[in-house]
Structures are given as structure tokens and as C-alpha cells.
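K.L.:
The hints should help you fit chain B onto chain A, whose structure is shown.
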Amino acid sequence: MSSVARFTENVQDGRRVLRFEGDLTLSRLGVLPARLDRLKGNGFEIDLSGVGRMDTIGAWVVHRTARDRSARIVGASEGAQTLLNQVSQSDQPVKVRPDPPPPMQRVLNQIGSATLEAGRTLRGLLAFFGAMLISFVYVARHPRRFRINAVVQRFEVVGVHAFGIIGLMSFLVGIVIAQQGAVQLRQFGAEVFTVNLIGRSAIKELGVLMTAIMVAGRSGSSFAAQLGSMKLAEEVDAMRTIGVSPMEALVLPRVFATVMMMPLLSFYAAIVAVIGGGIFCWVSLGIPPITFVQRTREVVPMTDLWQLLIKAPVFGLIISMAGCFQGMQVKSDAEEVGFRTTTAVVQAIFLVIVLDAFFAVFFTSVGWL
Amino acid sequence: MAVSEDQELIVEIKGLKNCFGEQVVHEGLDLEVRPGEILGVVGGSGTGKSVLMRSVIGLQRPVEGEIRVFGQPVIGRDDSELQGIRKRWGILFQGAALFSTLTVAENVQVPLREFYPRLSERLLDEIAAYKIVMVGLPPDAGPKFPAELSGGMRKRAGIARALALDPELLFLDEPTAGLDPIGAAAFDQLILDLRGQLGLTVFLITHDLDTLYSICDRVAVLAEGKVIAVGTIPELLALDHEWIQEYFRGPRGRAAEEAVEAEAESKAEAAQKQGADR
Numbered sequence: 001m002s003s004v005a006r007f008t009e010n011v012q013d014g015r016r017v018l019r020f021e022g023d024l025t026l027s028r029l030g031v032l033p034a035r036l037d038r039l040k041g042n043g044f045e046i047d048l049s050g051v052g053r054m055d056t057i058g059a060w061v062v063h064r065t066a067r068d069r070s071a072r073i074v075g076a077s078e079g080a081q082t083l084l085n086q087v088s089q090s091d092q093p094v095k096v097r098p099d100p101p102p103p104m105q106r107v108l109n110q111i112g113s114a115t116l117e118a119g120r121t122l123r124g125l126l127a128f129f130g131a132m133l134i135s136f137v138y139v140a141r142h143p144r145r146f147r148i149n150a151v152v153q154r155f156e157v158v159g160v161h162a163f164g165i166i167g168l169m170s171f172l173v174g175i176v177i178a179q180q181g182a183v184q185l186r187q188f189g190a191e192v193f194t195v196n197l198i199g200r201s202a203i204k205e206l207g208v209l210m211t212a213i214m215v216a217g218r219s220g221s222s223f224a225a226q227l228g229s230m231k232l233a234e235e236v237d238a239m240r241t242i243g244v245s246p247m248e249a250l251v252l253p254r255v256f257a258t259v260m261m262m263p264l265l266s267f268y269a270a271i272v273a274v275i276g277g278g279i280f281c282w283v284s285l286g287i288p289p290i291t292f293v294q295r296t297r298e299v300v301p302m303t304d305l306w307q308l309l310i311k312a313p314v315f316g317l318i319i320s321m322a323g324c325f326q327g328m329q330v331k332s333d334a335e336e337v338g339f340r341t342t343t344a345v346v347q348a349i350f351l352v353i354v355l356d357a358f359f360a361v362f363f364t365s366v367g368w369l
Numbered sequence: 001m002a003v004s005e006d007q008e009l010i011v012e013i014k015g016l017k018n019c020f021g022e023q024v025v026h027e028g029l030d031l032e033v034r035p036g037e038i039l040g041v042v043g044g045s046g047t048g049k050s051v052l053m054r055s056v057i058g059l060q061r062p063v064e065g066e067i068r069v070f071g072q073p074v075i076g077r078d079d080s081e082l083q084g085i086r087k088r089w090g091i092l093f094q095g096a097a098l099f100s101t102l103t104v105a106e107n108v109q110v111p112l113r114e115f116y117p118r119l120s121e122r123l124l125d126e127i128a129a130y131k132i133v134m135v136g137l138p139p140d141a142g143p144k145f146p147a148e149l150s151g152g153m154r155k156r157a158g159i160a161r162a163l164a165l166d167p168e169l170l171f172l173d174e175p176t177a178g179l180d181p182i183g184a185a186a187f188d189q190l191i192l193d194l195r196g197q198l199g200l201t202v203f204l205i206t207h208d209l210d211t212l213y214s215i216c217d218r219v220a221v222l223a224e225g226k227v228i229a230v231g232t233i234p235e236l237l238a239l240d241h242e243w244i245q246e247y248f249r250g251p252r253g254r255a256a257e258e259a260v261e262a263e264a265e266s267k268a269e270a271a272q273k274q275g276a277d278r
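Residue numbers (our numbering), protein chains in the order written: chain A, 1 to 369; chain B, 1 to 278.
With the rest of the complex left out, here is chain B:
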């Protein structure tokens, strides 16, 4: 599988500082993403979750700090030097950011054509085809244009494009925002499945408590311009911080927690039943 053999950190952020004019978004922000994990990033609106992601992928130049991806520094390097890293990550933007003049299949082929111009047309078509099926799009979605797709399908097409190069690291910016609960749950499952099959590391920005509870290995909480806590949800719940308590213990947080517990229980029961049947 396409997992790096050594256990080096996938993303390492140290002392990051971001400003927009007078307004300081991040100051002294540290964060690590470990290989193979799904790291959820949460925070109130305006705490700079998207800015953090944009800094890591090189769309936002930080004022200070150090960012390493796959062990290599990304700040202040030329485009040509970054190409090698760009091949190894995939990004799903909030609105999917599909190219509106290209079909879904052509969208998936864009990174392939850009980085590997020598692939044959036939192989390109085949790759686009199985990627489309892999992300759960219907087989007739290939020749459609993004404007003809629903929001959920557009996000799936966005993931297909992000996965085109078989990346090791996937950035997802609010992947379940704007999806109905069924679609959102299916999308969570898709991310879990892909992680299992492809050995992905996922950097996930979300507001969706169900997503946090059901698929994230660790959660990083952004507040006051830095990461105030990182850990599994039970670890975070043990912390005595007002915002974290309110976030996870609020009515929505409790509901999500109960849902996860209920699911775990029903699974346990089913397992017991199976055992008894035998």
C-alpha cells in the first residue's frame, strides 16, 4: 500500500503565525499529523481553520513559523520544488471547486495529465472510470458537467479528483457541510473506507459532530490563535476548558455521542447474538 514505511510525521507545524493586516489569526500554533490517522480540526467560526489548511498547502504565506509536509519544509520554496510534494497530497475544497468547463471525468484527469503527460488516453479514461466508481458516483456521472450534479455528488467528484494521483495525504475542508444527514453519513463512511483501502492520512476540517465522533482518530481544537488541545474525544472531554466542554457537551454534542454509543452497543449486541447462535 502507498503508506510511507517510516513513521515520520506527515505534517508538522511549529510556531505558525498568520496575520491579515492588523488582525492576528494564528500565533504560536503547533500541530502534528501522524501517518495513517484521520485528524479532525475544530474551532469556532473565524478561528482560522481554513487559513490553517491554506497555510499548509501553500495558498497562504504565513508571517512566521515552520511547516513541514512529508518531512520537507514547504514555506518559502519555489513552485518547482513543491511539485514533488503536491503529487503526494489531494485537496477537497469546501465548494468542491470542480472546474466548471470540464466534465467529471476530465476533472479527475486534470492532475494526471498535469503531472504525468505520458499516460495513454486509454489508461487515463480507465483511471477516471474506476476512480468515479470508487468514490460512489453512478457510472453515468463521467460525462456530466459539475453544474448538472447535486451537492453531494459534486463533493464525491471533488474527492475523486483529489484521489487521482493516489495521494498519501488528503485535505478535506468541511466535507459534510451542506449535505443531508444520510449523505453526510455516507460520506463519512466513504472517507473511512478510503483510509482503510488506500492507507490515507486525512486532515479534516469540520463542524459536524457526527463526523468527529464517528471517523476521527484525534481532534485538534483551535482557539485563541493556537491549537489549545489535541487528542481523542474522551481525552478532550477530560479537559477543563469552557469552549471544549460547551462544544462537545452541548445538546448537539450529546446527541452525536449518544448516537455513536448506541451504534457501538447495537454492534456489540449483534456480535453477542452471532456468538450465541453458534
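Chain A with its partners taken away, still in its complex shape:
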């Protein structure tokens, strides 16, 4: 019953007439709009008497042709006329897409807003750090407000649940360092120094760095996503109105737990890396475990461990603060939660590596070689 929309062009009594036939509905339009666009000339007549069904899109196509070609519509049924009136009423200049600014202006605009954004982030981060210190001091003076349960729960999520993955990663890194080092040192006949390489690099740098990256990916991102979703659902606002400070209830436990867990995880990661390297030395280089442990004790100074234990809590602070800060910045929609989560991880890892470089210079200059 329904048929494809089409039109035929005739001349009747000296006038050009386009006679439409078939169903003027979206599913039956086919190439009709394109054909109409290619039509030349103006001032013809549009005869709708042969049209079956019609919907607003069909009516729009007819209306548009009539409007642009100053054509007259005849033979419309009552229903079709209603639809034509309807669409012609809705024919108003509507902007469909935002105007693209000129390229030069767009580039300047992007640079400017990126600069402003960077400044705003820096200021926001400082303000956030300050607010956190204030609530830390407040909690220190009113220890009963310290949320021990929340902290212990975070210990579990940040620390205990990360044991498996960090252990496996460190073990493999230890093996890789030992293997790569041994290949190079063998050229000088100095394979035995592989022990120095493993012990010092794992304890001084790798343990803490790899752990920081893993914690940023596991916990920093989840802090940002959790707090971001809570902000979207107005949970944070609800907390404030009840008189619970989000700083105390949400941020401090997370920061505290991460600061506490980072040294433990880093130490564990360093030891597992040394064990991994030791196993490689035993299997591949024939250095027995007893010798390996003795060598390690001789070549790794205590200051390496102090470095690890100083750096780890600082990194923990940075990771948890970046996560919580980005989470609390979420305002509009779900997309922003994702964006802020990514930013939190990128910021955390970047800051950790920059700070690690500063630490290296600092410790060298104080003589902790």
C-alpha cells in the first residue's frame, strides 16, 4: 500500500507543475530531497493531491521547496495542510552548531584558557593543601573527631589489596634489572657487581617509584572517581549541610591512609625486587643466596633505606592529594569524572617523578651517595 515518494514534472495551462506521488514519509523519501535540490527554476506549482501518507519530515521537504523556490502548494489534504502549517510555524532561524571562531583566535583562545586553567589548578591545589592542613590541625587538637574506622578501611583498600600486584610487579622488575645488568657487566667480567646494581637501585629508587606509580593508578584514580561521583550526586553538599566536613570525612582518611601505606608498600616492593634479583643471580650466575645476602649487606648503605622511607610518605601525600583534589573539582557531568580521574593519575605520576629528581640531587648534595 505504501510506496516510495516521487514527483513528476509537467506543464499544465502554461504553468510548471510538480506532481508528488507516493508517501511523503521519512522511510519513503529516498532520493527525493536530493532530486528537488537539483531542480532548476522558480515559481512552479506543487501538487500534493496524489500524496498518500505524510509526516513532518515530508512536510518539511515540501515546505522548504515552496519557500526557497517561491512555489505554490495546491491539492493538500486536510491532514497534510495541518502538518504544513505546523512545520512552517516551526520554521525559525535556529542555530544548530556553535560558530567556529577564526583559527588564529582559536589558537590564542586555547593558549589563554590553558594558561588560566594551569594557574587556577595551581592556586586550587595550594588552597586545597591549606584547607587540608587546617583540618589536620583541627583533628589533631580534637582527636575524637579522627575517623579511625574510615582510615582502617582505606588501609585495607590502599595497602592490603595492593600487596599481590605490587609484589608480582617488583619481583619481575628485580629479575629484569638483574638480567639486563648481568649482560652488560659480563663484558667487563664484573658479573658479581650485579648484586650492587640490584640492591642499590631497588632500595633507593625502583621500589618506591614503581609503588608510587601503582598506587597512583590503583588508589589515586579511585579517589578521584569516588569523590567525583559523590559530588555529582550532591552527597558532598549533603554532608556539608549536616555539618560533616568533607575534608575530615573524605579527604583526611584517604590522605592519611596513603601516607601511612606508601612506606610499607615501598619497603615491601624493594625487598621483593631484591629477592627477585637474588633468585636470578642464584639460578643464572651461580651466586648462592648466602653470598648474595652478605654482598647486599656490604654494598647497600643504610642511607638508601632512609631515602626510601623519606620519599615514600611524600609521594603518598602527592598521590592522594592529587586524587582527592581532582575529585572535588567535578561539577557538571559524568564525562568530567572520567577526565578528572585521568588528570589525577597523570598529575600524580608527573609530580612524583619531578620530586624524585629533586630528592636525588638533594640527597647527593648532603652526601648520601
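None of these hints come from the bench; they were simulated from the model.
Zero decoy hints are in this set.
Heads up, simulated PhoX-like pairs for lysine-lysine below, C-alpha to C-alpha not over 20 angstroms straight-line:
(1) A/K331 to B/K144
(2) A/K95 to B/K144
(3) B/K17 to B/K49
Per the computed footprint, the stretches of chain B lying under chain A, defined by three or more beta-carbons under 8 angstroms from a beta-carbon of chain A, are:
(4) 98 to 110
(5) 125 to 139
No residue lacks a Cβ here, since even glycine has one placed at the ideal position from N, Cα and C.
P.N.:
Relative to the frame of chain A, chain B by itself:
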């Protein structure tokens, strides 16, 4: 107009059963939606109004029962077989469910692009433009993102997207929830107008008594896992059921009833005056 010529039922639900684990939501539910009507679905919270709608549109697979839309069964059919039916209905979800990364105009174009990839860009833009005006959005709403719109405007944009393909059947899930009374009344009027202009059939879930009184042709009452009554409001009021009486005769129900009566009276008076003036 885009109304089916024959008077077949638009939606037909028979013996529907829905469960979530142990909890039975619907059992032996029957409901019919007739062409061209606005059917209101009411029921207490948790009686499964939204679940009913989700079953009909294929988002919830019922345990038992038969659902026909436009005379075709929808349960247990492939996606490809359902495409033909999906083209013919539009859905407005409770929170409008606009795609947050697309502008309003792009949101309206999504179904068009999906089902009719050969439409020209120019026609797509024009269609989006008049749909936006048709649902009563301001002309500058096209390039805005959903996050920049108010709740009422978001719902209008949702309707514009639901109407993109000129559907015959429109599902509305609590369209006036969260709107102020003026916005809600304007939205009711919009639904009535669109029904009049486009010959839509509307399946409407609502808690809003004003909406029920002012635009619904029939109302279906959901309780005890089934539709306990369907009919016009006067028909429902004649029934001796505790929940129905409480729902429509409660303080809010009475207020809505009086408002509708007052409006009818003022219209009658105006008509009389006009007659007298002549």
C-alpha cells in the same frame, strides 16, 4: 498524517510476568493501548510502572507473557528484527537521558543518522532546527550541551529526540516530574498539541494528578502486580477500590479535579459570553 489506517491495537500486553530474583513485580498483567490515545499509567511507588515500560520497549526481558507492538511480537526477537519497530516509537526517559557529549541538535540527529544514514547534512540540520522549535525550545538551544540546560528544557530536548523519526508511539516516563507547576502545565499542553498535530499515541507514566486529569484519555492503575483497572477517570472513580479512591479522592486528587472543573467552567462561560456578544 502518520496514523495507521487500520484500528489495530498499538500495544497489546498479555499475561506479563516479571521477576527480580525472588521478588515478583508483575504477574498476569494485561494492558492494551489504542491508536491515538494518551494512556496514563499510575500506581504506587514500586508497583513496576517503569519496569512495565522497559518490558514493552525491550530493555527488560519478561519471565512470561506476550507483548505485541504495532501487532508484532517483541519478546525474544533479534535486534535486527526489532529495528523496524524501533523506528516507529520514541522514548523519553525519566532524566531525559540526553547524550552529554553531544549538543541538543546533535542529540536530535542521532536517531536520524542511525536509521537513515543517507540523509544530507543540510536536511539533517534543518530537521533538527524545526524539531527544536516544535517542542518549544528557544532557537539558540541548538548548539548547547545538555549540562547547560535547565531541567524543563532538557525534557523538551528529550522529546525532540524522541520525535526525531516522526514516531507513531511515544513513551513518556514521568515527563513532568521535577518541573515547576507552570513548566509542568506547559509540558502537558505540549504533549496534547503534539498528539493533535502528529496523531501520536502516548504511553505515559506519571504521578502528576494534574497531568492525568488534563490530558489522559484513559488511565491504567497498576497494583498487586497487575493492571487492576483501566478507564477514564470518572469510570475509575465509580469503582470501589480502596487505593483508587484514596489516589483520586485524596486532597491532591480533589484539588486537581477542581482545577479541571474550574477550567471547563471558565471555558463554558467564555463560550456563552461569545455567544451573547454575537
